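Listed below, chain by chain, are the residues.
2 protein chains.
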Amino acid sequence: MKIAVDAMGGDFAPEAIVEGVVMAAAGLPENVQIVLVGKQAVVEELIHKYASASGTSVNAIEVVNADDVIEMGEHPTKALSQKPNSSIGVGFKLLKEKQVDAFCSAGNTGAMHVGALFSIKAIEGILRPCIAGFVPQKAGGYAVMLDIGANADCKPEMLAQFGEIGSIYAQYTLGIDKPRVALMNIGSEEQKGSLIAQAAYQLMKDSRKINFVGNIEGGDLFVNAADVIVTDGFVGNIVFKFGESLYPLMLERGIRDEFIDKTNYEAVGGSPIIGVNGNVIIAHGISSALAIKNMINLAVRQVESDAYTKIAQALS
Amino acid sequence: MKIAVDAMGGDFAPEAIVEGVVMAAAGLPENVQIVLVGKQAVVEELIHKYASASGTSVNAIEVVNADDVIEMGEHPTKALSQKPNSSIGVGFKLLKEKQVDAFCSAGNTGAMHVGALFSIKAIEGILRPCIAGFVPQKAGGYAVMLDIGANADCKPEMLAQFGEIGSIYAQYTLGIDKPRVALMNIGSEEQKGSLIAQAAYQLMKDSRKINFVGNIEGGDLFVNAADVIVTDGFVGNIVFKFGESLYPLMLERGIRDEFIDKTNYEAVGGSPIIGVNGNVIIAHGISSALAIKNMINLAVRQVESDAYTKIAQALS
Chain A
1 MKIAVDAMGG
11 DFAPEAIVEG
21 VVMAAAGLPE
31 NVQIVLVGKQ
41 AVVEELIHKY
51 ASASGTSVNA
61 IEVVNADDVI
71 EMGEHPTKAL
81 SQKPNSSIGV
91 GFKLLKEKQV
101 DAFCSAGNTG
111 AMHVGALFSI
121 KAIEGILRPC
131 IAGFVPQKAG
141 GYAVMLDIGA
151 NADCKPEMLA
161 QFGEIGSIYA
171 QYTLGIDKPR
181 VALMNIGSEE
191 QKGSLIAQAA
201 YQLMKDSRKI
211 NFVGNIEGGD
221 LFVNAADVIV
231 TDGFVGNIVF
241 KFGESLYPLM
251 LERGIRDEFI
261 DKTNYEAVGG
271 SPIIGVNGNV
281 IIAHGISSAL
291 AIKNMINLAV
301 RQVESDAYTK
311 IAQALS
Chain B
1 MKIAVDAMGG
11 DFAPEAIVEG
21 VVMAAAGLPE
31 NVQIVLVGKQ
41 AVVEELIHKY
51 ASASGTSVNA
61 IEVVNADDVI
71 EMGEHPTKAL
81 SQKPNSSIGV
91 GFKLLKEKQV
101 DAFCSAGNTG
111 AMHVGALFSI
121 KAIEGILRPC
131 IAGFVPQKAG
141 GYAVMLDIGA
151 NADCKPEMLA
161 QFGEIGSIYA
171 QYTLGIDKPR
181 VALMNIGSEE
191 QKGSLIAQAA
201 YQLMKDSRKI
211 NFVGNIEGGD
221 LFVNAADVIV
231 TDGFVGNIVF
241 KFGESLYPLM
251 LERGIRDEFI
261 DKTNYEAVGG
271 SPIIGVNGNV
281 IIAHGISSAL
291 AIKNMINLAV
301 RQVESDAYTK
311 IAQALS
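Those sequence lines, one after another, are chains A and B. Counted the way full-length UniProt numbering counts, the first sequence spans residues 1 to 316. Counted the way full-length UniProt numbering counts, the second sequence spans residues 1 to 316.
Don't take each hint at face value.
No copy labels: a pair is met if it fits in one copy or bridges any two.
Unchecked claim - Once the Cα atoms are required to be at most 20 Å apart in a straight line, the calculated EDC-like pairs of lysine to aspartate or glutamate come out as:
(1) LYS205 with GLU15
(2) LYS39 with GLU304
(3) LYS192 with ASP153
(4) LYS241 with GLU189
(5) LYS39 with GLU71
(6) LYS262 with GLU244
(7) LYS98 with GLU124
(8) LYS96 with GLU30
The hints are simulated quantities; they were obtained by calculation from the structure and are not laboratory data. Since this is a predicted model, take the numbers as computed values, not measurements.
Could you put together the complete structure from these sequences and hints?
Okay, here's the thing in structure tokens:
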């Protein structure tokens with residue numbers, strides 16, 4: 001298995017990325033190789049630096065050169081067409097040609113999304129690919145929330161489909177049998193919420209493809225009420241970022257707690273784009289080495305689970 | 001000044017309501033009277049019980065009889081018309097006749113909302129009254145978030161108006177000069193977000209009535225980024241309830257912290273309906289005596305600030 005990582009994407013790239021890759025390499029199974037995509041000389045020097053410091057073998061790390069970098073502020077579509085030799089451009093080329101099994105980046109999120117749509121493309125039958133986030137649960141484990149930012153405006157059909165693909169993802173990648181799928185809403189009764197939420201509720205209630213458990217509210221996010229939390233990318237993004245803000249707030253106040261630690265973005269490290277023909281994982285621009293390490297572990301789990309093929313089969 | 005309180009509304013009514021009223025009475029200025037609305041004999045007995053237990057004088061507490069109760073699950077409009085002698089019905093009658101200066105209830109939220117619209121009515125020029133919530137800020141004090149649940153579907157014009165009336169409310173009730181008004185969104189740039197958020201951004205940017213500071217994201221809610229946070233009642237309700245879930249979660253984990261304490265719903269105790277011709281405050285169904293006490297204190301501040309008259313003047 002080969003996991004490609006964009007060495008140049010992120011506020012602390014390439015330093016933090018390479019450091020995280022070296023950290024991850026130390027713990028990976030023998031069949032996993034990491035392919036760092038970026039400016040070869042720079043990346044190789046950093047691999048050497050972090051590998052010698054930690055005494056890690058670098059056999060599991062390969063470097064593929066990419067001369068360009070898509071910056072954080074660049075327009076995704078324009079940047080991708082003008083910079084085919086950017087690390088994101090090259091990463092998607094490798095993924096499309098199946099030279100790697102996953103591509104991960106902490107760089108320009110829009111470029112990662114557009115790159116996925118243009119290269120490996122959406123799975124046939126998918127209305128809109130989306131981004132999934134992991135919401136820690138008090139009882140342990142995580143719920144999958146989707147969409148957390150790709151689609152600010154969603155039709156009821158899109159929300160219902162997020163439920164289906166989130167359910168398959170949770171089943172295969174998180175190993176949850178018959179995942180409980182819930183709709184994020186502002187009341188438990190089915191007539192509650194926005195017009196779109198009300199319509200989505202009916203579609204989800206009638207679906208035979210999911211184990212629909214009804215609405216959940218803002219106060220239910222951490223309390224093990226669902227395994228899959230369906231919402232649009234507007235609500236999802238706001239709620240998810242709110243949740244991620246708890247860890248730094250608590251840290252600043254001198255509070256450490258096992259559960260709050262799990263709300264730290266570094267704990268999972270990445271968010272998959274779901275609904276495309278391959279494994280694409282995006283990470284925070286601010287990603288630290290630890291976040292990158294955990295993102296790689298998530299990529300490995302995802303490749304092993306082969307969830308995207310399962311989603312494609314379910315839709316065909 | 002007279003503050004009417006629904007003695008019968010709430011999961012723990014009338015016990016917790018009367019207990020909270022007695023707690024509040026002990027600390028109120030001499031010019032403030034509380035009017036408890038509910039089943040007279042029951043309420044008077046409870047006043048006696050809690051007042052003797054705490055040694056509080058009950059001079060400041062008046063009782064107005066109401067034979068009926070609107071239950072939590074009842075249909076608001078139907079219940080109000082069928083039960084004019086319910087505590088909510090009588091409370092709004094007192095408010096409309098200006099026999100009291102505010103009406104507060106932890107009962108059926110829908111009935112409170114509909115009751116306000118039918119009795120004292122929306123201020124002329126208000127597109128939709130909304131519910132405001134108080135979001136504690138790291139640097140101290142609170143931001144006002146609106147809408148937190150009255151309007152699940154909002155047009156851009158409604159959001160822009162929430163900004164205006166929230167700004168006036170923050171100025172007069174919280175004493176904030178030129179409140180910073182922000183739009184809840186999923187990115188800082190003006191072209192970000194849902195179509196409705198994008199359109200609202202333009203209206204708010206062009207408004208001369210507010211000090212618009214742009215978008216804020218989910219991670220900015222506690223960090224003193226704004227004094228007024230504008231969003232629709234769908235997002236606002238989810239985010240607000242998520243925020244309120246932190247206190248019980250932390251308590252369960254044995255963590256006490258001054259900031260987290262402020263996210264406890266009991267700390268403010270109530271949420272005003274803004275945009276109607278009077279002071280109406282609703283509280284959680286689960287309200288404890290402490291929550292009721294603090295809700296009464298909020299009502300007193302609101303009556304003193306006369307914010308609703310200021311809003312009416314701004315719109316006329």
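Exercise for the section: Tell me, in ascending order, the numbers of any earlier hints that this structure violates. Expected result: The structure breaks hints 1, 2, 8; every other hint is satisfied.
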